[in-house]
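K.L.:
Single-letter residue listing:
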Amino acid sequence: DAMVIQNPRYQVTQFGKPVTLSCSQTLNHNVMYWYQQKSSQAPKLLFHYYDKDFNNEADTPDNFQSRRPNTSFCFLDIRSPGLGDAAMYLCATSHPSGRAPETQYFGPGTRLLVL
Amino acid sequence: AQSVTQLGSHVSVSEGALVLLRCNYSSSVPPYLFWYVQYPNQGLQLLLKYTSAATLVKGINGFEAEFKKSETSFHLTKPSAHMSDAAEYFCAVFGSSNTGKLIFGQGTTLQVKP
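As given, the protein sequences belong to chains A and B, one line each in that order.
Taking this note's numbering, the leading residue of the first sequence gets 1, the next gets one more, and so forth.
Taking this note's numbering, the leading residue of the second sequence gets 1, the next gets one more, and so forth.
Bound-form chain A, shown alone (with noise of 0.2 Å):
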């Protein structure tokens, strides 16, 4: 089945030690999200590829960076986590086509957890 995968499911880090999240999909979609979930809240976007273009959102902090190394993987990268920084991160996937925005398809999500 074609899916969103997300490795892995739960990251222990330190606190200030960098850590890596990954995701890949075997939809073959060109749009490529990254969410932060905490706690009882909603999903916040921190960014998003369209093909190779990225695209970051204002209120993104400049400790969080992505790489999009081919259409099915993109990484995110926390350079120094902070306690701040434990939470849910989901990983999605669309393919614009159209007028109409299409479907955000959602990986499982990576919980991490900073100690």
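Among the hints, a few may not be true.
Within a straight-line C-alpha distance of at most 20 Å, the following computed PhoX-like cross-link-like pairs (lysine-lysine) qualify [said to hold, decoys possible]:
(1) Lys38(A) to Lys101(B)
(2) Lys101(B) to Lys52(A)
(3) Lys101(B) to Lys44(A)
(4) Lys58(B) to Lys69(B)
(5) Lys68(B) to Lys58(B)
Hints were generated in silico from the structure; no laboratory data involved.
Please read these numbers as outputs of a predicted model, since none were measured by experiment.
Based on the hints, put chain B in the right spot on chain A.
P.N.:
Just chain B now, with coordinates in the frame of chain A:
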């Protein structure tokens, strides 16, 4: 700017009862609206979406939603709740075609009592 407001952060119903989750939107352009469900420690799954076709939209798992422009609402309903419906539900509006951004409501936790 587009936004959505979900009325009621927690809704509790008995199994077999009607489910009604409320969502109101604000948009300066015809909106594209979505309902997603999130089970514990899972990603979001699309329930249904409105993209300016039929105003009554049927989704998965017996859910449906009706777009009412006069009330700026897109409430989610299900005639008979099942225990497996217990989850977090998010209403979302598409920001604009330029950003690809989904703007989510704060979510409603649905509890289903036996």
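K.L.:
Are the hints correct? Go through all of them and say.
P.N.:
Consistency of the hints with the structure:
1. Lys38(A) to Lys101(B): Distance ~18 Å between Lys38(A) and Lys101(B) Cα, so the pair holds.
2. Lys101(B) to Lys52(A): holds, 17 Å
3. Lys101(B) to Lys44(A): Roughly 10 Å separates the two Cα atoms, so the pair holds.
4. Lys58(B) to Lys69(B): holds, 17 Å
5. Lys68(B) to Lys58(B): holds, 15 Å
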